[in-house]
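All chains should be built: construct the whole structure from the sequences, respecting the hints.
Each chain, letter by letter, is given below.
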Amino acid sequence: QQTLPSQPPGFQQPQQPCVPPSVSEEPGGRGRQRGTPIDGNYCSSSNFKIIGLQISAGFQELSLADRGGRRRDFHDIGVNTRQAIKHVQESKTGSSGVMIKLTTNYFRLMSRPQWALYQYHVCYSPEMEARRLRSALLFQHEELIGKTHAFDGSILFLPKNLGNKVTEVFSRTRNGEDVKITITLTNELPPTSPTCLQFYNIIFRRLLKMLNLQQIGRNYYNPSDPISIPNHRLMVWLGFTSSILQYEESIMLCTDVSYKVLRSETVLDFMYSLYYQVEEQRFRDACAKELIGLVVLTKYNNRTYRVDDIDWDANPQCTFRKADGSEISYVDYYKRQYNQEITDLNQPVLISQSKRKRGNMMPGPVVLIPELCFLTGLTEKMRNDFNMMKDLSSHTRLPPEQRKCEIGRLIDYIRKDNNVQKELRDWGLSFDSNLLSFSGRVIQGEKILQSGNVFDYNPQFADWSKETRGAPLICAKPLDNWLLIYTRRNYDIANTLLQNLFKVTPSMGIRMNKATMIEVEDRTEAYLRVLQQSITPDTNIAVCVLSSSRKDKYDAIKKYLCTDCPIPSQCVLARTLSKPQTAMAIATKIALQMNCKMGGELWSVEIPLKQVMVVGIDCYHDTLSGKRSIAGFVANLNQTMTRWFSRCVVQGHGQELVDGLKVCLQTALRDWFKWNKYLPSRIIVYRDGVGDGQLHTLVNYEVPQFLDCLKSVGKDYNPRLTVIIVKKRVNTRFFAQSGGALKNPPPGTVVDVEVTRPEWYDFFIVSQAVRNGCVAPTHYNVIYDTSSLKPDHLQRLTYKLCHMYYNWSGVIRVPAPCQYAHKLAFLVGQSIHREPNLLLSDRLYYL
Amino acid sequence: MDKNFQEEQFTGIIKFTPPLYEQRYQFIKDLVGKYKPKKVADLGCADCTLLWMLKFCSCIEVLAGLDICASVMKEKMHRLSPLPGDYLQPAERSLTVTLHHGSVAHKDPCMLGFDLVTCIELIEHLEQSELKKFPEVVFGFMAPSLVVISTPNSEFNPLLPGVTLFRHPDHKFEWNRGQFQSWALETARRYDYSVEFTGVGHPPTGMENVGFCTQIGVFVRKYPQTSESAQSEKPTEAAYKTVFKAVYPSLKDEKYLQNAVVSEVIFTAQNIKQSLMDCLMSEHKEYNDDPTERKCKFQPSMNCFSEDLGKLVVEKSMEPFVNGNVVYIPLTTIFSFPKVNRLCGTFEKLCKLIAGKVTLSSDGSAVVFYTEHENK
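Residue numbers (the UniProt record's numbering), protein chains in the order written: chain S, 1 to 847; chain B, 1 to 376.
In short, the hints are calculated from the structure, not lab data.
Remember, it's a predicted structure, so these values are computed and weren't measured experimentally.
Honestly, I wouldn't trust all of these hints.
Unchecked claim - Pulled from the structure, derived: some chain S residues nowhere near chain B, Cβ distances all over 10 Å:
1) 82
2) 154
3) 212
4) 262
5) 264
6) 297
7) 302
8) 314
9) 573
10) 681
11) 788
Said to hold, decoys possible - Listed below are the simulated SDA-like cross-link pairs for lysine to any residue, each with C-alpha atoms no more than 25 Å apart in a straight line:
12) S:422 x S:195
13) B:252 x S:416
14) B:39 x S:340
15) B:255 x S:211
16) S:381 x S:610
17) S:322 x B:53
18) B:76 x S:224
19) S:677 x S:651
20) B:255 x S:227
21) S:416 x B:245
22) B:357 x S:691
23) B:76 x S:426
24) S:551 x S:651
25) S:610 x S:773
26) S:662 x S:84
27) S:209 x B:53
Idealized CB from N, CA, C, for every residue including glycine.
Laid out in structure tokens, this is it:
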């Protein structure tokens, strides 16, 4: 993009937990039905499904499936990928590096010795339909069953054994009908059974409710003492993410601090303020741009929805059909149902597409009234507001010691609340009061190789920009024939840039002629016309100095130069160049970036593994224009991993991304062959952009497609394939104990014990360094592997690859090909919207 | 108890739309709309559905529920907790919701001082001994200005399929209209109330003589409230156990009011500053880089008072101005914004509430901003 990164790429700032809206009924698709629970089949791990387990006593209906019916399993429970990977059956841990004492945000869940959960099947004769009736009838026998129970209408969980395999009791309905209830013991579940895991999570949510925490999306927040940021009408609620899962050695609660950004203005307020800021004719577009994709919170019932569209033709006086068939207007509905007055009758309505089927209701659009919806989260505009983000991060970016305290607060709440303690005791469960501690490893740092020079860097900062400044590059592309385009006002700035480039390029080994300087009017068409007229087949690169960060101009230039007229381009904001004190540093960065875009190479690290092709894949989901997804695909072309093949897939309607990925892999192999005259014997795919709960799809669909694709290359071609899912958004945090205090673990920290999952071949690496806040480890899950590479080697290779991203002279959070793929997908998704010209595919033109 | 089920079983012959339980609740809501009671108690509140509906009624400041069965209440009581939205925009009114576990045969001072007490499908669940004590507790002790009692009308029962004796196994009795009315009239007479009879659930055509499916008595106290004496005369000790209490954020609470005012003042001042800066910027430049981005006339964020735009009079003396890198926005300007005005009421209150929370000029008359960091 046009500006230089001020943060290591891949660094998410600030922490903004992303919670998918809970989809549920609302006018437009109403119905009170909830998903009917599935009977039985709890324990088979092969078709393990999350069940809308309804708890009939205690508190508000809770289910693992959360509110809003059945949902996907965010924790990918029950997908056992390790069992198919032969060489990690015994052990999946590495051994190299120096041991380091770590503390993490996990608490052990403990149960009484010989603890078991008793699962019963409950049936009624005559058959009773309504679930609430079923539970009312069953709990007429509370003296038998006890006060501690969980019941979903057919499956009953108890902490005790009823004594007999089959217990029969009789209840009477209000009609005087006698009903025989048969309670059959179907299972005595050990603490580690998958069903118990679901059960723990259900119970834990009960506890959070008892603590008066408010559920928003997937997490729970404390409504008292919010952080208020009045400048932007923001309110930040403190809360917790939590999940209880079976980890390597034990069942643990993983909990992290979560911040929910809420806004004390309604969507309607926001529309009004926007109306006064933009031109009339741009108003609707501006609304769409700012609002679509945001999550809103309804005033009257605490549900969150994603805004997918704005219907300008509708208003609150429109009517909809209720479940009972009667027509009612939104105004009347909200007045009657929630006593909510809608004052502005001319406002448009928001549309949210609910994705999931609810009970027997087909998923349909949900209509929301702007006046009754609060905004949540940050808009693009706010994210770009430097002061605000600084403000926000001062609250949300906690240093390790403080974060640990906040995390400990949850356990404190639990320990101090009598009701919570009683509930836990009744079930025979408790939590360890200390955070889990164990040993991790810090693997050896890498040496940076650059044209015969070897550089060491300070591992604490994971950055070598100072060390390598002015050193000759591995491959410098000449600037013989290039364009520098600027507006009249920016003439001086452009000229200074040119002079500075003349100063910084010689030491890098870049040969440079004076640019063809072209002055343009500050209009998009003017830029495009100049490009059309001035670019010749010999042009190396076109550099445009832009006077504002208006996206349309940038988009138009990029689109033209990536598709119709494929040459590398560099856009720079005039503002970025305007500060004399940073001018040289900026010129250096620009020179490096331009060199990469033209196919140059900057540095490398030692990669002992030969004939290996490393692939990075990441996705961009376009929320604005038709919701198309774009996948970036990047694979190395040479042994040293300094040149990359890049291609992207623009997903057509009803098309699967993986079809396009297969084509990418084929072309990448063809190009590899052209470069190396042989095919790689190993292929390692780093797959980023996989959502929670999509593991199953990847394992069962995407991996076989890759294998198919390799088969189609040639009969005798049988490379070893490794597929690794890369996940940046994890709740796991590590704290290093150094002296008395907690610090961030140093870059190169690897964890493959305790907090990993026994059914996976997975590990964490902390590769980057952060200046403030807590560092987030990256999770790597090897879902397919015929490489026979030792875990040690795979971990080290992964870490090495985090050193190879040329837009940042330091270590980043993910392997470079993933970050390149992200960059590419982002550019295409944001600006180009179609596949760039393949002539550019051997260069990092999208940096 | 599980009122909501009732209709599910009566399919076929009689089907009420909306369901009968909803009609009963709607009846109460309409009554609340008419009499605007401030304190409402629901005796036999079961799963708190009625209380949940009533919490949206803006006249109510105190809601209480009482039930003999704690687990039924607890099942859904979290519906009565404030929502995030209630915190984001605290309401004008205050609202406290409390749930008590106990019997209507016992007196507890927490039930004193209510304006409306509802007993929906309650009395038929009472044992003879409890029913005897019930009038003294509700009419004698609680003595609200309005009592609503609903109970099944047994004359309707033959129309309900499957009902042999009573509609629910826990019912101790079901009265016909005569029985209910004579009990109600006697009770009203004894405690100095007037009573009117009505009901919900119309009988089918041709069967009008059986009356409503649910019969309702609305009792109105005839004597004026004697609150002081009520409190002092009846020093009973607590008989109920509180199982739930929620205090809604309200602007009546100084803490929330202050937060709201400080937020609004800063937001308003920020908007004015922004318009001012934009205006200055565009004056300084001979050509505008970005002609469509902003209207540059000084419009102090019109959205804030779209409703009564005309009312704003910006006097010369209260105009915001820039001095070097300091922007001054007089409090009087900010106070003239309807939202701020409405929140504070008086200028003195405004000054008091923002003291120490907002950066002011040395004489305390204006909000100040420093602009140096603006162009990062």
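For each hint, the structure was consulted:
no.: 1; hint: 82; in the structure: holds, 40 Å
no.: 2; hint: 154; in the structure: holds, 18 Å
no.: 3; hint: 212; in the structure: violated, 7 Å
no.: 4; hint: 262; in the structure: violated, 6 Å
no.: 5; hint: 264; in the structure: violated, 5 Å
no.: 6; hint: 297; in the structure: violated, 6 Å
no.: 7; hint: 302; in the structure: violated, 4 Å
no.: 8; hint: 314; in the structure: holds, 21 Å
no.: 9; hint: 573; in the structure: holds, 12 Å
no.: 10; hint: 681; in the structure: holds, 51 Å
no.: 11; hint: 788; in the structure: holds, 52 Å
no.: 12; hint: S:422 x S:195; in the structure: holds, 22 Å
no.: 13; hint: B:252 x S:416; in the structure: violated, 31 Å
no.: 14; hint: B:39 x S:340; in the structure: holds, 20 Å
no.: 15; hint: B:255 x S:211; in the structure: holds, 22 Å
no.: 16; hint: S:381 x S:610; in the structure: violated, 46 Å
no.: 17; hint: S:322 x B:53; in the structure: holds, 18 Å
no.: 18; hint: B:76 x S:224; in the structure: holds, 22 Å
no.: 19; hint: S:677 x S:651; in the structure: violated, 32 Å
no.: 20; hint: B:255 x S:227; in the structure: holds, 14 Å
no.: 21; hint: S:416 x B:245; in the structure: holds, 19 Å
no.: 22; hint: B:357 x S:691; in the structure: violated, 43 Å
no.: 23; hint: B:76 x S:426; in the structure: holds, 20 Å
no.: 24; hint: S:551 x S:651; in the structure: holds, 23 Å
no.: 25; hint: S:610 x S:773; in the structure: violated, 38 Å
no.: 26; hint: S:662 x S:84; in the structure: holds, 23 Å
no.: 27; hint: S:209 x B:53; in the structure: holds, 21 Å
Hints 3, 4, 5, 6, 7, 13, 16, 19, 22 and 25 from the earlier list are contradicted by this structure; the remaining hints agree with it.
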